[in-house]
Amino acid sequence: AQKVTQAQTEISVVEKEDVTLDCVYETRDTTYYLFWYKQPPSGELVFLIRRNSFDEQNEISGRYSWNFQKSTSSFNFTITASQVVDSAVYFCALNSQGGSEKLVFGKGTKLTVNP
Amino acid sequence: DSGVTQTPKHLITATGQRVTLRCSPRSGDLSVYWYQQSLDQGLQFLIQYYNGEERAKGNILERFSAQQFPDLHSELNLSSLELGDSALYFCASSVDAGGPGNEQYFGPGTRLTVT
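Residue numbers (our numbering), protein chains in the order written: chain B, 22 to 136; chain W, 1363 to 1477.
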């Protein structure tokens, strides 16, 4: 069975602080993909990143960075110098070989960035 | 804008009624997925269609059904509605059904309120 756990339900920071959103996943498959999606207050789901199980290199995209560690089954997301526009619910998701193409989502972390 | 369209944006109906949600995938995408986002269950996969055929089923109730038409648009039919069916229903599309890792592009969602 596949499972994604986002232990942080809500996080509140002040603008310009760095913040890390945690994601822990479970799967028995050796081939799997991990995703992060952002859901701003307007409601749509915005794709942020996809990472496959064979690529453990960390990735940086502007103020966003992702730390993938297979040893701890984690795929954490860091926002550097947070901005008010980063306020949203962030979802981590898993898609694995044995689970067809469906995405298994975590419960989400609501990030509030205060000015 | 993901290129996936969903109509209607909002829907308010009474218990016991039946509604149809419509989704048009991105141009060229053959797979359509339906997800339900509710406060208690989070984001859950309902069903996937690929090129007109049902490909995977998730936690979809028997009162719910879906289909994908020859022009690749999809409809999700919800019948005998209950208060607990109130949720945000997302449609997503991807290029094909070639295995895990397909990037899924999400539509803006249809917010269903059952009163």
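Read the hints as simulated data drawn from the structure, not as lab findings. One or more hints might be untrue.
Below, a sample of chain B positions facing chain W; criterion: calculated Cβ distance under 10 Å [to be verified]:
1. Tyr53
2. Gly64
3. Glu65
4. Leu66
5. Val67
6. Gln78
7. Asn79
8. Ile81
9. Ser82
10. Gly83
11. Tyr85
12. Asn88
13. Val125
14. Phe126
With a straight-line Cα cutoff of 20 Å, these simulated SDA-like cross-link-like pairs (lysine to any residue) come out [as the list claims (entries may be wrong)]:
15. B:Lys24 <-> W:Ser1448
16. B:Lys91 <-> B:Ala102
17. B:Lys59 <-> W:Arg1384
18. B:Lys128 <-> W:Ser1448
All C-beta atoms, glycine included, are put in the ideal place defined by N, C-alpha and C.
Here is how each hint holds up against the structure:
1. Tyr53: Hint on B:Tyr53: holds, closest Cβ of chain W at ~6 Å, below 10 Å.
2. Gly64: Holds, about 6 Å.
3. Glu65: At 5 Å from the nearest chain W Cβ, B:Glu65 passes the 10 Å test, so the hint holds.
4. Leu66: holds (4 Å)
5. Val67: holds (8 Å)
6. Gln78: violated (16 Å)
7. Asn79: violated (19 Å)
8. Ile81: violated (19 Å)
9. Ser82: violated (15 Å)
10. Gly83: violated (19 Å)
11. Tyr85: Nearest chain W Cβ about 17 Å off; hint violated.
12. Asn88: violated (20 Å)
13. Val125: holds (7 Å)
14. Phe126: Holds - the Cβ of B:Phe126 comes within 10 Å of chain W, reaching about 4 Å at its closest.
15. B:Lys24 <-> W:Ser1448: Answer violated: B:Lys24 to W:Ser1448 is near 24 Å, above 20 Å.
16. B:Lys91 <-> B:Ala102: violated (27 Å)
17. B:Lys59 <-> W:Arg1384: Roughly 23 Å between the alpha carbons, so the hint for B:Lys59 and W:Arg1384 is violated.
18. B:Lys128 <-> W:Ser1448: Satisfied, since the Cα-Cα distance of roughly 18 Å is no more than 20 Å.
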